[in-house]
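Visitor: For reference, the chains in residue letters:
2 protein chains.
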Amino acid sequence: MPERVKPSAYHHGDLRRALLAAAEMVLAERGVEGFTLRECARRAGVSHAAPAHHFGDVTGLLTALAALGFETLTGAMREARAGVEDPTERLRSIGRGYVTFARDYPERFRLTFDWHRLNHEDPALRAAGGAAFAELEMAIRHVAGLADEPLEGELLADLVHAWSLVHGFSHLLLAGQLDHAGTGERVINELLEGVIGRIRVSARSETRGRSKGEK
Amino acid sequence: MPERVKPSAYHHGDLRRALLAAAEMVLAERGVEGFTLRECARRAGVSHAAPAHHFGDVTGLLTALAALGFETLTGAMREARAGVEDPTERLRSIGRGYVTFARDYPERFRLTFDWHRLNHEDPALRAAGGAAFAELEMAIRHVAGLADEPLEGELLADLVHAWSLVHGFSHLLLAGQLDHAGTGERVINELLEGVIGRIRVSARSETRGRSKGEK
DNA sequence: CTCCTTTCTTGACATTGTCAAGATGCAGGA
DNA sequence: TCCTGCATCTTGACAATGTCAAGAAAGGAG
Numbered sequence: 000m001p002e003r004v005k006p007s008a009y010h011h012g013d014l015r016r017a018l019l020a021a022a023e024m025v026l027a028e029r030g031v032e033g034f035t036l037r038e039c040a041r042r043a044g045v046s047h048a049a050p051a052h053h054f055g056d057v058t059g060l061l062t063a064l065a066a067l068g069f070e071t072l073t074g075a076m077r078e079a080r081a082g083v084e085d086p087t088e089r090l091r092s093i094g095r096g097y098v099t100f101a102r103d104y105p106e107r108f109r110l111t112f113d114w115h116r117l118n119h120e121d122p123a124l125r126a127a128g129g130a131a132f133a134e135l136e137m138a139i140r141h142v143a144g145l146a147d148e149p150l151e152g153e154l155l156a157d158l159v160h161a162w163s164l165v166h167g168f169s170h171l172l173l174a175g176q177l178d179h180a181g182t183g184e185r186v187i188n189e190l191l192e193g194v195i196g197r198i199r200v201s202a203r204s205e206t207r208g209r210s211k212g213e214k
Numbered sequence: 000m001p002e003r004v005k006p007s008a009y010h011h012g013d014l015r016r017a018l019l020a021a022a023e024m025v026l027a028e029r030g031v032e033g034f035t036l037r038e039c040a041r042r043a044g045v046s047h048a049a050p051a052h053h054f055g056d057v058t059g060l061l062t063a064l065a066a067l068g069f070e071t072l073t074g075a076m077r078e079a080r081a082g083v084e085d086p087t088e089r090l091r092s093i094g095r096g097y098v099t100f101a102r103d104y105p106e107r108f109r110l111t112f113d114w115h116r117l118n119h120e121d122p123a124l125r126a127a128g129g130a131a132f133a134e135l136e137m138a139i140r141h142v143a144g145l146a147d148e149p150l151e152g153e154l155l156a157d158l159v160h161a162w163s164l165v166h167g168f169s170h171l172l173l174a175g176q177l178d179h180a181g182t183g184e185r186v187i188n189e190l191l192e193g194v195i196g197r198i199r200v201s202a203r204s205e206t207r208g209r210s211k212g213e214k
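Those protein sequences? They're chains A and B, same order as listed.
So in numbering that gives the first Met the number 0, spot 151 of the first sequence is number 150, and the numbers just go up one at a time.
So in numbering that gives the first Met the number 0, spot 148 of the second sequence is number 147, and the numbers just go up one at a time.
If you're looking for bench data, these hints aren't it; they were derived computationally from the structure.
Only a predicted model underlies this, so the values are computations on that prediction, with no experimental measurement involved.
The beta-carbon is built from N, C-alpha and C at its ideal position, and this holds for glycine as well.
A few of these clues could be false.
[As the list claims (entries may be wrong)] Sample of chain B residues at the chain A side, in silico, Cβ under 10 Å: (1) Val83; (2) Arg109; (3) Gly128; (4) Gly152; (5) Glu153; (6) Ser169; (7) Leu177.
[As the list claims (entries may be wrong)] Not close to chain B: a few residues of chain A, all C-beta gaps over 12 Å, as computed: (8) Arg16; (9) Leu19; (10) Val31; (11) Val45; (12) Ser46; (13) His52; (14) Thr71; (15) Thr99; (16) His119; (17) Asp147; (18) Glu153; (19) His166; (20) Phe168.
Please build the complete structure, drawing on both the sequences and the hints.
Guide: What follows is the structure in structure tokens.
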């Protein structure tokens with residue numbers, strides 16, 4: 000059990016960060032189901048009631064953790080699309096980044112979409128979730144050549160299609176539903192490429208459609 | 000609080016079924032997160048330790064509940080495809096049935112895919128899950144005209160694509176991610192049709208491909 | 001009728017989340 | 001430098017939970 004880094008029992012100095020670090024460990028090891036506030040407090044070296052000052056309750060801590068999870072997701076998508084110029088390939092790279100995040104941090108992935116446990120009014124969660132969503136939205140708009148139109152109609156349909164695909168694939172993978180006899184990493188990667196390869200955007204700006212005849 | 004239907008406190012007679020019925024209510028009202036064994040026992044009118052004899056522990060009860068959930072899912076898919084002859088339309092109808100199940104029974108849906116809480120060795124869960132999976136598999140094979148080939152390659156890719164789509168859509172819907180200002184039932188239905196409309200099967204039997212020229 | 005098995009009840013224990021009271025430390029102002 | 005108010009923690013308590021053990025009661029077979 001790690002010792003308290005500061006001698007002051009009544010003023011840690013950076014307890015919020017220490018609790019978040021402990022919380023990430025507990026989440027990674029035990030999943031959302033096994034996550035407890037007291038275990039986080041133990042690992043941070045404080046009493047069971049100390050987290051309340053910083054997070055309110057267990058929902059507050061999980062919400063903060065989910066915001067961090069969204070930030071990691073955004074980072075994974077940005078890293079995946081780095082250096083990719085073709086709009087459709089960029090969108091597909093972002094899709095791969097999404098699934099990579101789910102595979103690399105399965106418990107974070109599950110937490111970020113565990114609707115019932117989180118406080119959706121939380122500004123940090125909203126901002127982080129919005130940023131992740133914006134990555135996907137910008138990529139779709141880039142392919143469609145529709146930077147300013149409202150997100151509706153075919154554009155929205157394209158986004159929901161792409162998001163459903165990568166989200167569904169991630170979720171089925173984590174739920175063990177893609178595991179079959181002989182299903183190894185290679186088969187999973189092939190299945191992923193099969194799914195990513197079907198990401199399409201049908202919405203188009205009229206200018207792009209006419210001048211290039213890309214119909 | 001319902002009274003015990005039989006006077007014998009030490010022999011209910013049909014406690015397993017009564018506990019499952021109570022469990023369905025608790026799950027529907029409180030979700031997986033708020034589900035407790037003691038609350039199920041209370042509603043069934045027995046002591047807190049009575050469920051142990053029938054289910055072992057809370058995982059056992061949730062596993063039995065998940066098996067029922069898969070049965071409901073299978074029923075929803077079968078009902079959705081009833082009377083639909085065209086293979087591709089039948090597959091799409093099954094996809095709609097999948098999403099309908101998620102919308103009608105959100106907590107059951109979430110439970111059936113809550114990997115960490117369930118006992119995957121349970122024969123009833125395996126059978127029920129297998130039957131649900133078989134509905135999707137048979138529909139894909141029907142479109143492809145591939146009744147006997149091993150489930151691999153393009154056939155498997157088609158299945159994973161279709162499943163990822165409907166599963167991802169369901170999950171995003173339940174996670175509140177498709178909720179935006181003005182997003183009502185009609186928009187959700189349009190988005191669903193947009194997703195369902197993109198379900199395609201590219202695997203084909205050679206006989207079908209050649210004799211009919213359906214490429 | 002007896003005995004064994006099944007099916008429950010009661011009680012206990014450890015752990016959890018949350019709340020309240022109070023102790024301690026920090027920082028700002030006089 | 002001292003005082004005061006606020007922030008930040010500790011300690012303790014309570015209710016609820018899951019699980020286990022011991023034992024009571026009911027059913028069924030011989």
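Visitor: A separate judgement is required for each hint: does it hold in the structure or not?
Guide: Tested hints:
no.	hint	result
1	Val83	22 Å, violated
2	Arg109	8 Å, holds
3	Gly128	9 Å, holds
4	Gly152	9 Å, holds
5	Glu153	8 Å, holds
6	Ser169	8 Å, holds
7	Leu177	7 Å, holds
8	Arg16	27 Å, holds
9	Leu19	21 Å, holds
10	Val31	8 Å, violated
11	Val45	25 Å, holds
12	Ser46	25 Å, holds
13	His52	24 Å, holds
14	Thr71	17 Å, holds
15	Thr99	16 Å, holds
16	His119	7 Å, violated
17	Asp147	17 Å, holds
18	Glu153	8 Å, violated
19	His166	4 Å, violated
20	Phe168	4 Å, violated
Going down the numbered hints, you'll see the structure goes against 1, 10, 16, 18, 19, 20, while the others check out.
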